[in-house]
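These are the residues of each chain, in order.
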Amino acid sequence: MVVKSISDKICIGCGICVSVCTEDVLRFDEVKKKPYVKYPKDCVSCSFCEVFCPVGAIELVLTIGRKMPEVW
Amino acid sequence: MAISTNVLSTDVLIIGGGISGLYAANKAADEGASVLIVEKSTAGWGGQMPLSGGFFAYVPPDKAEDLIRYYVAEGEYLNDQEMTEAVVKNLLPCAEEVAGWGMNSLAKGFDGKLLATAGTIGFPQRDTVMPMMLDRALKRNARVLNKVYVVDLLRDDGRVVGAVGFHYQTGDFYAITAKTTILSCGGCMYKTRGLWHTNCGEGVAMAYNAGAEMRNAEFGNMFNVANKYTMDDAGGSIGAARTLGVNARGERMMQKYPDINAPEGIRRGGGMLASGRSSRIIRAWAKEIEAGGGPIYLDLTSEDARARMPALFDLSGRSRGSLHLGYASRMRRVGVDITKQKVEWVVVPEFHEGPVRIDANGQTTVPGVYATGDLAWHGSAFVGAMDWHIGVPQGLCMVTGFWAGSHAGKTSLSLPEEKINSSQVENLKKQIYAPLDAKGTYSPYDAIREIQQVVFKLKNSFLKSRDRLEKAVSAIESIKSKFPDLAAKDSHELVRCHEAKNMVACAEILYRASLARTETRGSNVREDYPERDDKNWLSWVIIKKEGEEAKVRTEPIPIERYKYKPTSTES
Chain A
1 MVVKSISDKI
11 CIGCGICVSV
21 CTEDVLRFDE
31 VKKKPYVKYP
41 KDCVSCSFCE
51 VFCPVGAIEL
61 VLTIGRKMPE
71 VW
Chain B
1 MAISTNVLST
11 DVLIIGGGIS
21 GLYAANKAAD
31 EGASVLIVEK
41 STAGWGGQMP
51 LSGGFFAYVP
61 PDKAEDLIRY
71 YVAEGEYLND
81 QEMTEAVVKN
91 LLPCAEEVAG
101 WGMNSLAKGF
111 DGKLLATAGT
121 IGFPQRDTVM
131 PMMLDRALKR
141 NARVLNKVYV
151 VDLLRDDGRV
161 VGAVGFHYQT
171 GDFYAITAKT
181 TILSCGGCMY
191 KTRGLWHTNC
201 GEGVAMAYNA
211 GAEMRNAEFG
221 NMFNVANKYT
231 MDDAGGSIGA
241 ARTLGVNARG
251 ERMMQKYPDI
261 NAPEGIRRGG
271 GMLASGRSSR
281 IIRAWAKEIE
291 AGGGPIYLDL
301 TSEDARARMP
311 ALFDLSGRSR
321 GSLHLGYASR
331 MRRVGVDITK
341 QKVEWVVVPE
351 FHEGPVRIDA
361 NGQTTVPGVY
371 ATGDLAWHGS
381 AFVGAMDWHI
391 GVPQGLCMVT
401 GFWAGSHAGK
411 TSLSLPEEKI
421 NSSQVENLKK
431 QIYAPLDAKG
441 TYSPYDAIRE
451 IQQVVFKLKN
461 SFLKSRDRLE
471 KAVSAIESIK
481 SKFPDLAAKD
491 SHELVRCHEA
501 KNMVACAEIL
511 YRASLARTET
521 RGSNVREDYP
531 ERDDKNWLSW
541 VIIKKEGEEA
551 KVRTEPIPIE
561 RYKYKPTSTE
571 S
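Chains A and B, in that order, give the protein sequences. Under my numbering, the first residue of the first sequence is numbered 1, with each subsequent residue one higher. Under my numbering, the first residue of the second sequence is numbered 1, with each subsequent residue one higher.
Since the hints were made in silico from the structure, they are not lab data. Careful, some of the hints might be misleading.
Covered stretches of chain B (chain A as the covering partner; in silico rule of three or more C-beta atoms under 8 Å from a C-beta of chain A) [what the hints assert, rightly or not]:
| id | stretch |
| --- | --- |
| 1 | 185 to 193 |
| 2 | 224 to 232 |
| 3 | 326 to 334 |
| 4 | 448 to 457 |
The calculated label-pair distances, taken between Cβ atoms and stated as ranges, are [claimed, not checked]:
| id | chain 1 | residue 1 | chain 2 | residue 2 | range |
| --- | --- | --- | --- | --- | --- |
| 5 | B | 311 | A | 12 | 53 to 59 Å |
| 6 | A | 15 | B | 258 | 30 to 36 Å |
| 7 | B | 426 | A | 32 | 34 to 40 Å |
| 8 | A | 15 | B | 295 | 41 to 47 Å |
| 9 | B | 414 | A | 13 | 54 to 60 Å |
| 10 | A | 54 | B | 546 | 50 to 56 Å |
| 11 | A | 39 | B | 554 | 39 to 45 Å |
| 12 | B | 424 | A | 70 | 40 to 46 Å |
| 13 | B | 439 | A | 67 | 29 to 35 Å |
Once the Cα atoms are required to be at most 30 Å apart in a straight line, the calculated BS3-like pairs of lysine-lysine come out as [unchecked claim]:
| id | chain 1 | residue 1 | chain 2 | residue 2 |
| --- | --- | --- | --- | --- |
| 14 | B | 287 | B | 228 |
| 15 | B | 489 | A | 38 |
| 16 | A | 41 | B | 429 |
In this text, a Cβ means the ideal position worked out from N, Cα and C, and glycines have one as well.
All chains, full assembly: derive it from the sequences and hints.
And the structure:
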């Protein structure tokens, strides 16, 4: 998992993070009017959600040595 | 899942809302055509451009010939030289046009040298190119469908007449009829790693399945280097690693491999010197590691490194020229201080497989469908046997977007409205949603991983031999044979299923083309045919789907017609 957390306290519910997420990791909860992490294993650490959040509500963790098939 | 069906109609359908699709949208709208852009993410933020580092190569008219000669020499004569010339000569007019639309930061990077780079074209901020292009297209009544994943093309008697897809989040079905269709959705990158993940060969597979010709596909096999911790190459660190890497014995190893530099006479200045020889750099790394010289490190602990490459040490957030966090920031997140410790770098797959053949109008070989940008990186044959070149794909995206948008826009005005063929649509709909049927047991995540286990192997995809290529083809075929069992829990997983299918089509194209080319040229490194063979191989490998079969043929390059010919000493 790469998106560590979205702070509901800080988040203003603008939905930009959901828009910029190409891999559909983030979804928008229409009742709470807040984004949430729905498909964590698909995060590819592009970091757009964190970079474009206008209020700094998203924290990322970059996984160490992501397990991908070996080249050798 | 309740699925609603939406039927839409347009003059020009553009699949992909990245830089190329947005340029095409503007040009088509300028012709007076109605335009619909469909994007799996969000138009204006989509595609590779936001990740690309912001480079965009263009040259002034008096330097154009130097650049053409350079591309042909580095493309090892597998270029369509007329295409090379057409692309190169249109780079500057496209840049100027976009600058005229309000993209002012582009012009500032232009310094009159052979390859100028404009550092900010990739920023999808409100004041830069992609959102600006989107706004301009919207003002000309272009429509946009975001979060819709297009799966297949509609056909009518050999002509492409639109496309079908579904909504990533709701699963709703979309059938779109179009007089002309432009594929602008990137090549295939097999979800190799962080950052380079977006394009899974959707457009390549759609064009291939519609019967379009693929060309130069054997060069779609780019490998690269990445830091071992985050497995990416953020913030310009890659250039440093490729040239400054030290082996386990502390040697600056690239000095041992002079062939990573282009020969005298076609050299260019600056740090991009070797980027046309990317595959030679990877061969050098592979050789070094195989000979026991690994691991390889990027050591930036000296004061000198800090002074020479200040951008790599920037901790303020974004990396220079692109959107993601910079090198020092990323490394700090994983507990590595690059000023205090050297960082291990490894060889990783990247892939930029874009073999769709196009002409200088952006048309594929199938009527009604165009391809632009990364999709046609190899297929346009404008860079020949090169796997990749920094800054240039962005230029191709612009130029081909310009061509396809203009031509498709103009053409569609004289074509009749397409009618929806309900039985064809129903059939495709059934196929698209089949993995939602509870009977399947094959997870798309397993499928993608199995595909990666084949294509990521350096010895399958980069250092090739007949034996291993044949095994790779059968491995891919065996994955494909399990596809009727693919199972998706929801629309999100349904996208993964179709990504797996598209990747398999691309892998087949890559391996079949590689098998056909029995020589080593550019990034097609055949260990069983280690020499370049100009006598037999000044030809393109063309692949086309006929029925369920991939037909492979060779087509001689009309080298006698072209300006630049290989000399006998080079062959």
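Do the hints match the structure? See the list:
1. 185 to 193: holds (count 3)
2. 224 to 232: With 5 residues closer than 8 Å to chain A, the stretch 224 to 232 of chain B meets the three-residue bar; holds.
3. 326 to 334: holds (count 3)
4. 448 to 457: holds (count 5)
5. B:311 to A:12: 53 to 59 Å: violated, 32 Å
6. A:15 to B:258: 30 to 36 Å: Cβ of residue 15 of chain A to Cβ of residue 258 of chain B: about 53 Å, so the range 30 to 36 Å is violated.
7. B:426 to A:32: 34 to 40 Å: holds, 38 Å
8. A:15 to B:295: 41 to 47 Å: Once the Cβ atoms are compared, 43 Å apart, the range 41 to 47 Å for residue 295 of chain B and residue 15 of chain A holds.
9. B:414 to A:13: 54 to 60 Å: violated, 47 Å
10. A:54 to B:546: 50 to 56 Å: holds, 52 Å
11. A:39 to B:554: 39 to 45 Å: This hint holds: roughly 44 Å between Cβ atoms.
12. B:424 to A:70: 40 to 46 Å: holds, 43 Å
13. B:439 to A:67: 29 to 35 Å: Taking Cβ atoms as reference, residue 439 of chain B and residue 67 of chain A lie about 30 Å apart, which means the hint holds.
14. B:287 to B:228: Status holds; Cα separation ~19 Å.
15. B:489 to A:38: The hint holds at about 13 Å.
16. A:41 to B:429: holds, 28 Å
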